[in-house]
Amino acid sequence: MALFNLSRDPVNALLRLQQELEQAFQNPRGLDLGPSGRGVLPPVNVFRKDQDVVVRFEVPGFAPEELSIESRGQTLTVSGKRAQESASEGAYHRRERIAGEFARSIQLPREVDPAQAEATCKHGVLTVRVPARAEAKPRQIAVAAQ
Amino acid sequence: MTTQAENTRPGRTYQPKVDILETDGGLRLWAELPGVDEASIQVELVDGVLALRGRVATDEYAELEPLYTEYGVGDFDARFRLSNTIDGERIQAKLRHGVLELELPKVAAAKPRRIEIAR
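Protein chains in written order, with the working numbering: chain A, 1 to 146; chain B, 1001 to 1119.
Think of the hints as simulated: they come from the structure by calculation, not from any bench.
Check the hints yourself; a few may be wrong.
So these bits of chain B aren't anywhere near chain A, every CB distance computed over 12 Å [as the list claims (entries may be wrong)]: (1) Q1042; (2) E1044; (3) G1048; (4) D1087; (5) G1098; (6) I1117.
In the SDA-like style, the derived pairs of lysine to any residue whose C-alpha atoms are separated by at most 20 Å in a straight line are [to be verified]: (7) A/K49 x A/P131; (8) B/K1094 x B/I1041; (9) A/K81 x B/I1041; (10) B/K1106 x A/E89.
Just so you know, even glycine gets a beta-carbon here, dropped at the ideal spot from N, CA and C.
Extracted from the complex, chain B is given alone in its bound form (with noise of 0.2 Å):
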């Protein structure tokens, strides 16, 4: 059985909803986490394990009564083993409308070659 971290912080965690794009250059990830702003983001690469991890402020939520509730208010966390083609020093990270958009550069080893035919 697997043994997973727990989490240290009350609440619950998602997951975000994520699209994940491969083209000959990289990987390009749009991840969604709604309420989320740049400074309660973390981008972490340990062992290969890509690791969002997002905090929302739910402070704003005290003094609000739920009438109707179809989300669930929490802290995001998805995790994604990368291959190593994945150039982990050049990821590029970026937060736009509660959307962080990662590029994930391929190495250059790992790029389709076109391999000219000498005549």
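Same shape as in the complex, but just chain A (with noise of 0.2 Å):
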């Protein structure tokens, strides 16, 4: 699709760039490159929460027990399986969510202890909390008098 056409009507096209634009930027992704430019793993978020660190990845449609989290050293691995909500009959007229199963693993920092995570799961949002080591935390030290 051409984006300029001027020569035909300048403010209709300008109008029409616009409405491209505004319609980009509400895209989460951007511009939308169509189902090749698309994840298919589950998205994430890390934050940092006082010293420790909170994961979060957009699981919707996984039941708690269709997801597991391993932890490897630094390395998160989260992976899910579901059955797949086989159509025996119809057509789809659209496709977009992710089906079947998923891996993903995420590096940790190392202030942060992986054995000591917990995992909550709700309305689809998996959050996994890692608190961080002691030796990380901020220690007081005090000052003897002499």
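Fit chain to chain and form the complex, with the hints in mind.
If you want it as structure tokens, here you go:
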């Protein structure tokens, strides 16, 4: 599609360009690249809360028992497997959701201890909280009076 | 140029990922609304347009400092124009693990009917 076609109706073309750009900004993925440009892995957000690291995955459609979390060293792996809602009849008009299974690993900073991680899953959002190692926490050093 | 109603709540609004399956009996629609609870979903059918809206509670993000982000957190909004073959009175909705499932049955007249040939 030609974005610029100023020869015919310049005002209308500019309005259309503005619309296109507005849509691109509203779309969280920016300019839509079509199905091939989309990720097939659940997106992740990583936060810091006090000294801990909080990792959030968007996994809508996965029940808590369909998810598994594993840590090895500083690597945290989240995988999910769900029974596909197979359509024995009918036809899909749209299919945008991730189906089947996924596995995703992320590397955590050394200051946190994945062995102590705790996870909760609510309304399709998986939250893993990885606490800071004791030695990474700030420590008050008492000044001894002499 | 078409004009859209403006959003009256500050913050970003996202289009949910959607699957739509059509069967002989009707349509089934799944919309991904991660982070939205039952009380914060609004499903409306006005003038043949099905509107889904989900509000995400963002207060728990207040004390989180982002280090790396791949997805934005915000409300969900989607609109679908339905054909008049859908029976608006019998639409059913449920929410499971952040996915809104809608059953949209067709009106009886729109279902395929097999006509027997008399011998």
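Here is what the structure says about each hint:
Residue-level check passed: B/Q1042 sits 16 Å from the nearest beta carbon of chain A, beyond 12 Å. At roughly 20 Å from the closest C-beta of chain A, the C-beta of B/E1044 stays outside 12 Å, upholding its exclusion from the interface. Distance check on B/G1048: its Cβ is at least 17 Å (rounded) from any Cβ of chain A, clearing the 12 Å threshold; non-interface status holds. At roughly 17 Å from the closest C-beta of chain A, the C-beta of B/D1087 stays outside 12 Å, upholding its exclusion from the interface.
Interface exclusion of B/G1098 from chain A breaks down, the closest Cβ pair being 2 Å apart, not more than 12 Å. At the 12 Å boundary, the C-beta of B/I1117 stays outside the reach of chain A, the nearest C-beta of that chain being 24 Å off. Simply put, A/K49 and A/P131 have alpha-carbon atoms about 9 Å apart, close enough for the 20 Å limit, and the pair holds. A distance of roughly 10 Å separates the Cα atoms of B/K1094 and B/I1041; the hinted pair therefore holds under the 20 Å criterion.
Taking the CA atoms of A/K81 and B/I1041, the gap is about 26 Å. The hint is violated against a cut of 20 Å. Among the hinted pairs, B/K1106 with A/E89 is consistent with the structure: their alpha-carbon atoms are about 15 Å apart, no more than 20 Å.
Checked against the numbered hints listed earlier, the structure breaks hints 5 and 9; every other hint is satisfied.
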